[in-house]
Amino acid sequence: MDRNLQDFFQRAQVELEKFGFENWDIYCTQEQARDISWRNKEIEDFKESSDSGYAIRILDKQKVSLVYANNFDLAKITKNIENAKFILDYMTPDENFKMHGKIAPPLTQEEVDLSFNEVALNKKIQSLAEFEELLFAQHPTIKKIEQIGYGEVKETSFYRTKYSPILEEETTHYGYSADVIAQDGEEEESGSDFSYKRKFRDLDIAALAEKVAYNAYSMLHSKPIRSGYYQVVLKNDIFAQFLSTFLDLFSADKVQNNKSVLAGKIGEQIASSSLYLVDDGTLPGQLGSMLFDGEGTPAQRTPLVKEGKLSGYLYDLKTASKDKVQATGNALRAGYQGSPAINPTNIIVGKGQSSYEDLISAKDQVLVINNVMGMHTSNLVNGDFSVGATGYLMNNGGLITPVKQITIAGNFLQLLSNISNIASDVESFPYHGNIITPSVLISELSVSGV
Amino acid sequence: MFGLSLEFSQKLIDILLSKGGNFADIYAEEEELFSFVVENNKVKAIKTGIDKGLHLRVLKGNKTFSAYTNNTSELGLQSLAQNIAHSLNDIQTQRSQVAVLSDVAMNSLQLDYYKDTLENFITQSKKIYQQSPKIGQATLSYYNAHKSVWVINSNGEACQDNRIYNRYTVNVVAKDGDITQTSFEGPGITGKENIFLLHPLQEASDNVVARALLMLKAKPAPTGKMPVILLGEAGGTMIHEACGHALEADFIYKDTSIFKDKIGTRVAAECVTVVDDGSIPHQYGSYQFDDEGVAPRRNVLIEKGILKNYITDRMNADLLGIPLSGNGRRESYQSKPVPRMSNTFIEDTHMDSARVIDSVAQGILVKRMGGGQVNITNGEFIFEISEGYLIEKGKITTPIRGASMIGNGPQVLQDIAMVANDKKFIAGVCGKYDHVPVGDAQPTLMIKELTIGGM
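Here the protein sequences line up with chains C and H, keeping their order. In this text, residue positions in the first sequence follow our numbering: the first is 50, and each later residue adds one. In this text, residue positions in the second sequence follow our numbering: the first is 6, and each later residue adds one.
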């Protein structure tokens, strides 16, 4: 912790102790980031940032207030704490508001990759030039590159309550993205993908270039197919997007406020008996891992679905108090300005025995979905969805045609119940929660095309 | 600014330009804000924050090299500036010219000041529920921000702008059996005036409640093409969305706007004059200087139907070789400025609004517009009608619900047949990339033909 931050924590503590509140907490984050976008053999946009900020919450007489700032001037800190005290009077009390007392400091964290500082900027810029060449070299139809980007983030977060020491955790992530266009005569299709890792050295631009290009050229000459019910493979990326969209159904906050169809269903069969779903913030090296959440609760492993049966919800301190259970370490902060809110860490789907090739070679026709659009329009309370999609129509393992301009529709829980096979091609996708999942075969899904 | 000396700012600009680039600037900001939400007669949330930050930028043709931070230590800033310069990696260097800047301290929020406001809002909320058992939910919010902005650039220009924003919203959901109607008002102002004197809370609440209850009795809208009257009080969302964005110079430069290469040509009916003006006192989209230090002015975009000007920021004005209009705006120190509207409106004519309304025998009269969406590449738009009426045999009759207006921006500009003299500004927030406050307005006008869609 640098000197300025030490001064901040000290000043905040002195000011907060003047009032004798029952409890309080301080969350603070320091972030450095770089984003480079590349086009036509040169940098198009370069952005670097170094930003920090804090939030202070006060808990007193069953009320909680929150103030935030990124201005660390000592006079402003004092002023802000006075503001927090002022606001407290107006808040609505709730007996379930809780903050931790003593917190055991977490075990030392795993090695942090410091390539943010240690790998020269030149080398990163050079890698974008290589990435561009690799993309063009993938396939003769790749004629245009809309965008290539590199991003890196180094973040340190700090947390303490009135009674705890200051917890500290440093994380990094690095990644590339690209968006290309494949052309064949009048036909034009775009394809994009990205890859983010905790460690710079784990990035593989050659593998990413292959995927991005394939996403574009494999869709050339795609067309709609007939409406009807199809056996469908959701590629790991797409199943990750479905899970990410509907994970709020597992939030205790939504369950307690009657905004989830999973309310009151613990122990009930909600999915195919082959499905296992776990939230695990302790996995080494994963993008969703953390030592402690935004309320200081240590990260942990929480089974959500076991053999298709609902086995748990995700809790913060308030919802856990209401249900008289333990918090699950899922009270995440989105920046320093927001209150902690229930969100997934890493979501792991238990992998199956089959390969991806087995899935797409399933008997008769299989529609493989490789892209969906408009997931956010889904009904997040009951799980209904109707989204645009593209993919490939297969027959006994052979490609019939790439497919576009279709809509797939159904219900998320029905989809989980219709899982008939799970592959072993596990990858991680940093969406809302870091989703670690293989591809899945769905026995039946409604498709509207022509 | 933040105790950064002018000499040091100068030095930073020199570092920024040390490896190339044709322009550099430093943007600094301090902001203190207070906001609250009252829902179901209770305080649902109160938010207060104290933020500051700097954005350093170098422009080189159509490329941007930038950095932002809240760490205003000289060492930290120098290292950021060096990284930016390093990423340019050119040989030519340029030195900045010397600027002069006064240093004015930031106002501090005094929360005691809001005590009465909070209590008034809770009282008002209770009054709303008492008006009818059909009121399902009332949500009231208030927002006050003090923002100081400093800009210094390599042309030797420097300026400061102190902005005060005040806005409140009243949102009501009314229910009758299976029918649900929502209604909304959200006045906003800039400057030191008292918003509750300019826009009384009681009046806004009465309007919202009356509209929600009225719309419960509304009939489903007819669909198809028909003449439409937009009243002055409907607000200028359509002119902002369906016309204004397509006049922003970045879309012109990137060739994604229908108005590219159309300067000097007829793009609207002769009765249509469209203006963007960030210098109007009190309006929600007003400022003394934009976020690149350029003073706003009355910028006539379309004059009597002829396209005259675009909306510019520094980079795109330079790239296109056109004048600066004072529209380089950004949400905060974290974002780069882009061309954005301020207060955008269709100008009044001398015609009385009654004459415009009387011109339609069969059609739709729109008293309030809701949200919408527009595709700036082809100008296609859709807007909800939150309060509308049928016009039958020249008389305003039944309220309609669930209706939307569907059309094409450039086509509508041609199809405006009459414009009155009663424009009224409405506060809003524009969401291009990030969010900035805007105002928009139009007088009562008649559109020969628009598609009305139902639910």
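These are calculated hints, taken from the structure and not from any lab test. Misleading hints may appear alongside valid ones.
Capping the alpha-carbon separation at 20 Å, the derived lysine-lysine pairs in PhoX-like fashion look like this [what the hints assert, rightly or not]:
(1) LYS230(H) <-> LYS120(H)
(2) LYS52(H) <-> LYS193(C)
(3) LYS90(C) <-> LYS47(H)
(4) LYS52(H) <-> LYS134(C)
(5) LYS112(C) <-> LYS49(H)
Covered by chain C, per the in silico footprint, the following chain H stretches (three or more residues, Cβ under 8 Å) [unchecked claim]:
(6) 53 to 59
(7) 69 to 76
(8) 85 to 91
(9) 115 to 125
Ideal placement from N, C-alpha and C gives every residue a C-beta, glycine not left out.
Hint check results:
1. A hinted pair counts as satisfied when its Cα atoms are at most 20 Å apart, and LYS230(H) with LYS120(H) does not qualify at roughly 51 Å.
2. For the suggested pair LYS52(H) and LYS193(C), the alpha carbons sit about 46 Å apart, so the restraint of at most 20 Å is broken.
3. Annotation: proposed proximity of LYS90(C) to LYS47(H) is violated, straight-line Cα distance about 57 Å (limit 20 Å).
4. Restraint check for LYS52(H) and LYS134(C): satisfied, since their Cα atoms lie roughly 12 Å apart, inside the 20 Å limit.
5. For the hint linking LYS112(C) to LYS49(H), the alpha-carbon distance of about 12 Å falls within 20 Å, and the restraint holds.
6. Here the segment 53 to 59 of chain H counts 6 residues with a CB under 8 Å from a CB of chain C, which clears the bar of 3, and the coverage holds.
7. Counting residues of the segment 69 to 76 of chain H whose CB lies closer than 8 Å to any CB of chain C gives 8, which reaches the minimum of 3, so the coverage claim holds.
8. Counting residues of the segment 85 to 91 of chain H whose beta carbon lies closer than 8 Å to any beta carbon of chain C gives 4, which reaches the threshold of three, so the coverage claim holds.
9. Counting residues of the segment 115 to 125 of chain H whose CB lies closer than 8 Å to any CB of chain C gives 3, which reaches the minimum of 3, so the coverage claim holds.
Of the hints listed earlier, those the structure fails to meet are numbers 1, 2 and 3, in rising order.
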